[in-house]
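S.K.: My request is simple: use the sequences and hints to build the entire structure.
Keeping their order, the protein sequence lines are chains F and P. Under our numbering, the first residue of the first sequence carries the number 1457, and numbering increases by one thereafter. Under our numbering, the first residue of the second sequence carries the number 1457, and numbering increases by one thereafter.
These are calculated hints, taken from the structure and not from any lab test.
Just so you know, same-sequence chains aren't split out, so a pair can sit in one copy or run between any two.
Straight-line C-alpha distance at most 20 Å; calculated EDC-like pairs for lysine to aspartate or glutamate:
1. Lys-1680 / Asp-1731
2. Lys-1557 / Asp-1569
3. Lys-1777 / Asp-1760
4. Lys-1671 / Glu-1688
5. Lys-1673 / Glu-1696
6. Lys-1761 / Asp-1718
7. Lys-1638 / Asp-1517
8. Lys-1769 / Glu-1675
9. Lys-1638 / Glu-1627
10. Lys-1638 / Glu-1508
11. Lys-1552 / Glu-1583
12. Lys-1680 / Asp-1764
13. Lys-1673 / Asp-1718
14. Lys-1695 / Glu-1675
15. Lys-1638 / Glu-1655
16. Lys-1761 / Asp-1775
17. Lys-1769 / Asp-1678
18. Lys-1656 / Asp-1517
19. Lys-1638 / Glu-1518
20. Lys-1680 / Glu-1765
Given next are the chains, with one letter for each unit.
2 protein chains.
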Amino acid sequence: MRKNVLVHTTFVCFLLACSLIYVHAQTGPLPSWNDTAPKKAIISFVEKITSEGTPDFVPSDERIATFDNDGTLWVEQPMYVQIAFIIDRVKQLAPKHPDWKTTQPFKAVLDDDMRAVASMGERGLMELMAATHTGVTVEQFQGIVANWFATAKDPRFNRPYNECIYRPMVELLSYLRVNGFKTYIVSGGGVEFMRSWTEKAYGIPPEQVVGSSIKTKFEMVDGKFDLMRLPEINFIDDKEGKPIAINQFIGRRPIAAFGNSDGDQQMLEWTAARDGPRLMLLVHHTDAAREYAYDRQSNVGKLDKVLDEANAKGWIVVDMKRDWNRIFMFDQ
Amino acid sequence: MRKNVLVHTTFVCFLLACSLIYVHAQTGPLPSWNDTAPKKAIISFVEKITSEGTPDFVPSDERIATFDNDGTLWVEQPMYVQIAFIIDRVKQLAPKHPDWKTTQPFKAVLDDDMRAVASMGERGLMELMAATHTGVTVEQFQGIVANWFATAKDPRFNRPYNECIYRPMVELLSYLRVNGFKTYIVSGGGVEFMRSWTEKAYGIPPEQVVGSSIKTKFEMVDGKFDLMRLPEINFIDDKEGKPIAINQFIGRRPIAAFGNSDGDQQMLEWTAARDGPRLMLLVHHTDAAREYAYDRQSNVGKLDKVLDEANAKGWIVVDMKRDWNRIFMFDQ
Chain F
1457 MRKNVLVHTT FVCFLLACSL IYVHAQTGPL PSWNDTAPKK AIISFVEKIT
1507 SEGTPDFVPS DERIATFDND GTLWVEQPMY VQIAFIIDRV KQLAPKHPDW
1557 KTTQPFKAVL DDDMRAVASM GERGLMELMA ATHTGVTVEQ FQGIVANWFA
1607 TAKDPRFNRP YNECIYRPMV ELLSYLRVNG FKTYIVSGGG VEFMRSWTEK
1657 AYGIPPEQVV GSSIKTKFEM VDGKFDLMRL PEINFIDDKE GKPIAINQFI
1707 GRRPIAAFGN SDGDQQMLEW TAARDGPRLM LLVHHTDAAR EYAYDRQSNV
1757 GKLDKVLDEA NAKGWIVVDM KRDWNRIFMF DQ
Chain P
1457 MRKNVLVHTT FVCFLLACSL IYVHAQTGPL PSWNDTAPKK AIISFVEKIT
1507 SEGTPDFVPS DERIATFDND GTLWVEQPMY VQIAFIIDRV KQLAPKHPDW
1557 KTTQPFKAVL DDDMRAVASM GERGLMELMA ATHTGVTVEQ FQGIVANWFA
1607 TAKDPRFNRP YNECIYRPMV ELLSYLRVNG FKTYIVSGGG VEFMRSWTEK
1657 AYGIPPEQVV GSSIKTKFEM VDGKFDLMRL PEINFIDDKE GKPIAINQFI
1707 GRRPIAAFGN SDGDQQMLEW TAARDGPRLM LLVHHTDAAR EYAYDRQSNV
1757 GKLDKVLDEA NAKGWIVVDM KRDWNRIFMF DQ
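M.R.: The following block contains the structure:
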């Protein structure tokens, strides 16, 4: 009897071990990445810089990884999500501003004439920004943004915008953090537009989100000290702005940087100029069936100069169609 | 024999328990703080906000604590440490600039005529800043600062400047972190002047240091992409600038803020205007024998308006002489 129990127990242990190995194979790092070159390069880099006692070892406090957001972590087509927010907010506020029906750029937004909005260029956009993003305290604005994300949906995927995020990139963020990295967003988008939801979506807390910003003013609001949002640009976190902001906010040069457009070129160049190991990666949108396909000719997320540079210098370029077996968090 | 062993073991355990209790009494939280009101208020606050299931509980991701540096964490008398750095650097660079011998404000520095330097006001200081803090890359400047701290000493205490830090405050930083707080420096000092040593001194990594900054430019330096420091102010992190910077860098209102001068008033006011529990604390320098005694009349670290506000509103005011049984890290 005893021997039978032993044999039985051994067999159960064997089965358990097999199933653990199976589960491991199913849930190893980066399961939504195909076993193509980018996944191999990422894992090889992480294994290299975490190997203690080797010349490539990087102490964990230097493992800073910076990620662009629009088009790198979530969908940016057919327009940046923040533009969709502006449009909805103009429509929401319109009853209080009857003059908007006849005044540009508001009229164009209310008429859903996006071509006219685009034609008004930066000045029109700044007017829309001022009307929809300012004149409230920072905490009031956080509430407005959170409410919008709770109800608005991406029209093509019919999901809340902050669920239209790329599963392979969320896996990558998590894989890097498990390996001692501190992960940051460094985005041209408005910092206060992102901070309310990035922790839940990406595991990135507000203090690790760097973005474009407007000026604020410290003042008494309703009898309490508060910060009022002003209609004045503080910082544009794009192109050269990205390395400048990374240095200002983080104070260290990243060892890994991830982007998808020419706006990320300088962040990748600065990372590439680091002494020691470093990783530069671009997401190339090549999958019109599952998401979008665009690069050199696109108005949104134009990928041109930095694609040439990446190819010339051997940086990793993810071909979304080839390299990702799932795109979104909601893909099974 | 067995019984003897048991008795002996019990006795050893008893001795061990006694010694643990003794060690605990010696090394409980904040050992360099006397058992006066400030220590009790701090511990009571931390116990309150960490008590799960109570209305005062604050989730750990909201436990943001911000600390001024000059005069709050380290000595700021008789002049800010960064001024001592400027003076040493002018002297170091002088052989390359023979005209400085006859040109102000450099002449005054080379002549050790601090009265003349002070009389030149902000413009003179800006010229000295430009000459000593710019024209190098951010990483070169970090090296210059690190070298200076490795050799320069506070003349009164005859220790490296970054060892003249307050032991009670280092204990407080550590106590807060053990209780789930994220601790930040929010200082009027230059951010790049602090980041190279704050982790070792205070356990605060570079990315949790917020300070004043100059502009930088992304450019090719010696064939590599780098950030060059420009002679142009980017942001002054003082007074109203402190809440503005906290919101910009951290994106959350602190639940605890620590300062020592009128430059910290708005940071404390903004913290005090938070809903829910919050702690505001001022360090009052009252100990001329062990450190310095100064407040309303001081040119450096003037403590006047915010002292009245703290007294009126019941914020914690540390009386250094009464409340701290040791001042420095090097005090036994």
